[in-house]
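Peer 1: Numbering (the numbering used here), first residue to last: 165 to 348.
Accuracy of the hints is not assured; some may be wrong.
What the hints assert, rightly or not - Listed next, the in silico SDA-like pairs over lysine to any residue satisfying Cα-Cα at most 20 Å (straight line):
id: 1; residue 1: K245; residue 2: L326
id: 2; residue 1: K237; residue 2: T342
id: 3; residue 1: K276; residue 2: A290
id: 4; residue 1: K245; residue 2: D339
id: 5; residue 1: K325; residue 2: N278
id: 6; residue 1: K329; residue 2: S294
id: 7; residue 1: K180; residue 2: D195
None of these hints come from the bench; they were simulated from the model.
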Amino acid sequence: MRYLKATAQDRSGNGKPDMAVLQFFQRADNDPDELVHEAVAVDITADGAADILLPGDINADGYKSAEDKVLLKAFVDTFLKQGWFNPGDTWRRYLTMHVSHWAKDGVPNAIKLNFYQCCSLQGKRALVYSAAGYDGDSDGVLESFTNSDLDRDDVADHRDKLAIKVLCNAFLAFDWHTQPIKTA
165 MRYLKATAQD RSGNGKPDMA VLQFFQRADN DPDELVHEAV AVDITADGAA DILLPGDINA
225 DGYKSAEDKV LLKAFVDTFL KQGWFNPGDT WRRYLTMHVS HWAKDGVPNA IKLNFYQCCS
285 LQGKRALVYS AAGYDGDSDG VLESFTNSDL DRDDVADHRD KLAIKVLCNA FLAFDWHTQP
345 IKTA
């Protein structure tokens, strides 16, 4: 299984997230998770939008291009606005994303977003809330989303659904998913 772990931090101490680190992991049976790629974005102007983008080849197409920066910016600009961040350079709060269901033809048709917080110094994590996007007709387009309060403003509204849509579509554009291997 492949999954994305995204962490936002308030490195400047102004109470707003200004740095996002995206880590792309691969999990194999009975092996530790392997960090395969890392991308970083920084908001130096405190406006909630990434100004410095270090995506590398974020979509694994073999090229470091402007497209990689566009994909990273779309994800990070939305992620930074959700209020799920850490003070300073701590790593206690993070988001993971993965494909949770596949259509018969191999198209991802459910993307899961899990927001975790580590509750102890030993790193024990707790799932605080989750959201998902769904492709009900397996046409490659996510058309329904959970009714989740992603930005934690006590109202699950259109902005939350739009944020889920943007994050899920960016995750799919990163092409960081593989269909499980079927065994006979």
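Peer 1: What are the numbers of the hints that this structure violates, sorted from low to high?
Peer 2: The structure conflicts with hints 2, 4, 7, although it agrees with all the remaining ones.
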